[in-house]
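A.B. asks: Let the sequences and hints guide you as you build the complete structure.
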Amino acid sequence: MITVRDLVHEFDGERVLDGVSLTIADGEWVVLAGPNGSGKTTLVRHFNALLEPDAGEVQIGGVPAAENPVRARTSVGMVFQSPRDQFVAATVGADVAFGPENLGLDHDEIDRRVAEALGAVNMTDREEERIDELSGGEQARVAIAGALAMEPDHLDVLDRADRVVGLDSGTVAFDLPPDDARERLAEIDVRVPGPGAG
Numbered sequence: 663m664i665t666v667r668d669l670v671h672e673f674d675g676e677r678v679l680d681g682v683s684l685t686i687a688d689g690e691w692v693v694l695a696g697p698n699g700s701g702k703t704t705l706v707r708h709f710n711a712l713l714e715p716d717a718g719e720v721q722i723g724g725v726p727a728a729e730n731p732v733r734a735r736t737s738v739g740m741v742f743q744s745p746r747d748q749f750v751a752a753t754v755g756a757d758v759a760f761g762p763e764n765l766g767l768d769h770d771e772i773d774r775r776v777a778e779a780l781g782a783v784n785m786t787d788r789e790e791e792r793i794d795e796l797s798g799g800e801q802a803r804v805a806i807a808g809a810l811a812m813e814p815d816h817l818d819v820l821d822r823a824d825r826v827v828g829l830d831s832g833t834v835a836f837d838l839p840p841d842d843a844r845e846r847l848a849e850i851d852v853r854v855p856g857p858g859a860g
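According to the numbering used here, the sequence shown is numbered sequentially starting from 663.
FYI, nobody ran anything at the bench for these hints, they're computed from the structure.
Fair warning: there could be bad hints in the mix.
Distance windows between CB atoms, simulated [to be verified]:
#, residue 1, residue 2, range
1, D815, Q748, 14 to 24 Å
2, N784, V693, 14 to 24 Å
3, G799, V750, 13 to 23 Å
We put the CB at the ideal spot given by N, CA and C, even for glycine.
C.D. replies: The structure is reproduced here in structure tokens:
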């Protein structure tokens, strides 16, 4: 479970998040919607301790993310708005394997995770392909597979999922969850007042 309590974050004295509170249950799908600059990415980056709050708290499974950032980062998978920003290897398989390798897992477990993650994003048998030769949509699938291979406990976060997955074009980059999970989809519209707003 991800719990956010009274979260405040400022950049250069400008308050971007002002007292945000929410709870995301295990298995729940949540969409953060709002205009550019409304604080969506800033909020999501607190989930896996990429940012620390100026006030308030984010807990992952009951543990403050700021106190144990390694646990937060392995519990909450994240795919960035520009997937190329997170690639660390030249080939699909090596990149997807990078996270599990750094967990110290044995080769059979790494191979299993890579195969399952690539299967989930419809990229089976493409481990040897170079990432820089893939289309933007295929690169997004590799980034999603990298997050899935970590087998996060709580949630895979897609920052700007409409761009990462190509929802605007009607394409689906990965297998969706069972119908009962889709029915639990919740939408939270994050609205943060601009400077000078009351």
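A.B. asks: Which hint numbers does the structure go against, in order from smallest to largest?
C.D. replies: none
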